[in-house]
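*Asks:* This is what each chain is made of:
Protein chains: 2
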Amino acid sequence: MGTALNALIERGAALMCWADPFFPDPVIPEHVKKATLEAIDVGMGSHYTMPIGNGELKKEIAKKLKEYNKMEVDPDRNIIITPGSDSGLLFAMMPFICPGDEVMVHEPSYPSNFLNPKLLGGVTIPVPLRAENNYQIDIEEFEKRLTPRTKMVLLTNPNNPTTTVFRRECLEKLAKFVVDNDLILVVDQAFEDSVFDDIEFVSAATLPGMWERTVSVFSISKGMSLSGYRVGYVVADDKIMDVMYGCAVNILGATNTASQMGAIAAISDRSFVKEYNKIFDKRRKVAYEVFNSIPGVSMAMPESSFLSWVNISKLGTSAEISKYIIEHANVVVNEGTPYGASGEGYLRVVHGCYKDDNVLYDALARIKKALTKLAEEKGVQ
Amino acid sequence: MGTALNALIERGAALMCWADPFFPDPVIPEHVKKATLEAIDVGMGSHYTMPIGNGELKKEIAKKLKEYNKMEVDPDRNIIITPGSDSGLLFAMMPFICPGDEVMVHEPSYPSNFLNPKLLGGVTIPVPLRAENNYQIDIEEFEKRLTPRTKMVLLTNPNNPTTTVFRRECLEKLAKFVVDNDLILVVDQAFEDSVFDDIEFVSAATLPGMWERTVSVFSISKGMSLSGYRVGYVVADDKIMDVMYGCAVNILGATNTASQMGAIAAISDRSFVKEYNKIFDKRRKVAYEVFNSIPGVSMAMPESSFLSWVNISKLGTSAEISKYIIEHANVVVNEGTPYGASGEGYLRVVHGCYKDDNVLYDALARIKKALTKLAEEKGVQ
Chain A
1 MGTALNALIE RGAALMCWAD PFFPDPVIPE HVKKATLEAI DVGMGSHYTM PIGNGELKKE
61 IAKKLKEYNK MEVDPDRNII ITPGSDSGLL FAMMPFICPG DEVMVHEPSY PSNFLNPKLL
121 GGVTIPVPLR AENNYQIDIE EFEKRLTPRT KMVLLTNPNN PTTTVFRREC LEKLAKFVVD
181 NDLILVVDQA FEDSVFDDIE FVSAATLPGM WERTVSVFSI SKGMSLSGYR VGYVVADDKI
241 MDVMYGCAVN ILGATNTASQ MGAIAAISDR SFVKEYNKIF DKRRKVAYEV FNSIPGVSMA
301 MPESSFLSWV NISKLGTSAE ISKYIIEHAN VVVNEGTPYG ASGEGYLRVV HGCYKDDNVL
361 YDALARIKKA LTKLAEEKGV Q
Chain B
1 MGTALNALIE RGAALMCWAD PFFPDPVIPE HVKKATLEAI DVGMGSHYTM PIGNGELKKE
61 IAKKLKEYNK MEVDPDRNII ITPGSDSGLL FAMMPFICPG DEVMVHEPSY PSNFLNPKLL
121 GGVTIPVPLR AENNYQIDIE EFEKRLTPRT KMVLLTNPNN PTTTVFRREC LEKLAKFVVD
181 NDLILVVDQA FEDSVFDDIE FVSAATLPGM WERTVSVFSI SKGMSLSGYR VGYVVADDKI
241 MDVMYGCAVN ILGATNTASQ MGAIAAISDR SFVKEYNKIF DKRRKVAYEV FNSIPGVSMA
301 MPESSFLSWV NISKLGTSAE ISKYIIEHAN VVVNEGTPYG ASGEGYLRVV HGCYKDDNVL
361 YDALARIKKA LTKLAEEKGV Q
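Going line by line, the protein sequences match chains A and B. All residue numbers for the first sequence refer to full-length UniProt numbering, where the first residue is 1 and numbers rise by one. All residue numbers for the second sequence refer to full-length UniProt numbering, where the first residue is 1 and numbers rise by one.
One thing to keep in mind: the hints can contain errors.
It does not matter which identical chain is meant; a pair holds if it fits inside one copy or across any two.
[Unchecked claim] Keeping only pairs whose Cα atoms sit at most 20 Å apart, straight-line, the calculated EDC-like set for lysine to aspartate or glutamate is: (1) Lys-274 / Glu-200; (2) Lys-66 / Asp-237; (3) Lys-314 / Asp-138; (4) Lys-314 / Glu-289; (5) Lys-173 / Asp-138; (6) Lys-64 / Asp-362; (7) Lys-66 / Asp-238.
Bear in mind the hints are in silico, worked out from the structure with no lab data behind them. Given the structure is predicted, the values throughout are model-derived calculations rather than measurements.
Work out the full structure, taking the sequences as your base and the hints as a guide.
*Replies:* Okay, structure coming up:
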């Protein structure tokens, strides 16, 4: 933790700024805990796996990809285990981006998406998603930013912070755009486990012509709440993987051995994810009700995950209101601006924190009280 | 494991090709095991730490740096925890290398060192170390390869595969070369824990003018035999760290939480490293005796770690002899060629594998028998 954050924790602030489910409470499922502990206990946890990952884990992932993502892959050829999906995401982009190459990044989006192209010498081209359009893809916004240097589209699906699940018709248009212009798609599906209201979740790699030009990035950090395990995986075509296998040790090293054993247990029995989703489903409805009952504050019903994307623009800027909430409600939330220019006037509130619903509801009530008072003071109705 | 390697394991081959101490046997020290298990057991192991790493671990590292490396650093400013030292090594180079920049890499060296500059768009300039010079640095070899594009020297100290501990006088010359030509030094000290015969180990960052232009990369994988934990750390000046802190999450993500708790225990009580070094010390002497008793085969006494760098050039090429050893001794060793052009005619044999000395000695005896027969057949004396 940073020093400022530590000071806030010491004064008992509620942290709703960390996309780490149930943080800081213990929630490791028993079967996952058992597999992890055993790997340490029998001693194999201190030895490397191959940098490309544990073979048994890759087999379990291939089964899950088939069941959940409708992707049929060869576990020995199309999967690399990564030490979390952050390094996996940059790794997925590395083979393609040469200096000056342009990467289209929808905004709002995960903050790392804006910096990643630049870290590789590329250029980030933000492409707006609009609240009026439920933050779905407007393909014309992509088309009008196409240049001879466009190389890649970077997609976060479901989106963070907006929780948008990109619909099939949007993804089909995006896929056609990618294929027609000979681009690469890197898609971060870290939040795919928690999609509500029976919205169809479509893995972009399954769309026509996309398998051979898509690198899909996955994580067990979010829906499975195993962020401290640091296990992610990257899935791609043989040709792309030939390059990635050749530099996996240089860029990633190997992934934690005991965590990979825990991940085998987690992915082979994912029933606990359903239980978590019931909790997140209940909480999103509470958050929706609370925030929309505050004068001048609004949010759409989250489509996925455990995030609230809250419009507070009638009360002040992101910086002003997040500071106000720390001071008057003792809760830490995220300013909207790191998620893109259109994040000004928004807050990201992680309603997935804490195991006990009541801790969360208390924090939401404090925010409501503080912002209601502020709205009154400002005469916002 | 790769498929070919799996087949060899199934037929009971001894693996002396993995720089993973005591692999595949269990050796986690009790205090380290306890700390790791507890992190999982109380549930915090499933939550992220900050991408820059656990603050308590950084404090313990700072103490160790002062004691062992004679480096005084601010744990909150000069240390980033990395998910192993492989990703740490590339991360250490990233802020400095622009397309076309030249990176001087001594050879023999760790294989990743030759690819890393290219992955960043740079150019690898191999600089020979000579067996006749005990693989110490010959500064003239660096000087004559200096160009206006030279940006960095990449050093592995102690060296892998030669086990060379670079002597103070060599490092002083190298430091002067780096300072005089306004270069950056990235030094990988993954093998620093195991140095024999009271050879002085000098951390390059402590030499005059070097702190502000050195990035030092460390690991708990080798001397501490905690490779599967995936914990390394990078140490540098404030100015360099300002850049690294700004992109740590993008490039590295966070490091495994439970492993960091284990690493706190390991680094705060390093007595087990002394015990390991006694084992490695004994084994290097056995390996030295065995290999030098084979006609046409020779090796120098290892100065560090648990590696034998064996000259088999009178019997054949690296590829031929490693293949012969698999077939006739059922032992897998490393060909010398990935370590640099001068590695032809050499093998790297990991004598740190297996907990039971006798398993290792049996494997060495099989190699001796096979190569002695080969030498006879070839008439090599």
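*Asks:* Against each hint, give a clear statement of whether it holds in the structure.
*Replies:* Right, here's what the structure says about each hint:
1. Taking identical chains as interchangeable, the C-alpha atoms of Lys-274 and Glu-200 lie at most 20 Å apart only when both belong to the same chain, with a minimum of 16 Å there against 58 Å between chains.
2. In the homo-oligomer, the alpha carbons of Lys-66 and Asp-237 lie at most 20 Å apart inside one protomer (15 Å), although the nearest pairing across protomers, at 48 Å, exceeds that limit.
3. Taking the shortest Cα distances, Lys-314 and Asp-138 never come within 20 Å of each other, neither inside one copy (26 Å) nor across copies (68 Å).
4. When the C-alpha separation of Lys-314 and Glu-289 is checked against a cutoff of 20 Å, the pair qualifies only within one copy, where the shortest distance is 18 Å, while the shortest distance between copies is 80 Å.
5. With identical chains, the CA atoms of Lys-173 and Asp-138 are at most 20 Å apart within one copy only, with a shortest distance of 9 Å there and 60 Å across copies.
6. Proximity of Lys-64 and Asp-362 under a CA criterion of 20 Å is satisfied in neither setting, with 37 Å inside one chain copy and 44 Å between copies.
7. Taking CA atoms no more than 20 Å apart as the test, Lys-66 paired with Asp-238 passes inside one copy only; the shortest distance there is 17 Å, against 47 Å between copies.
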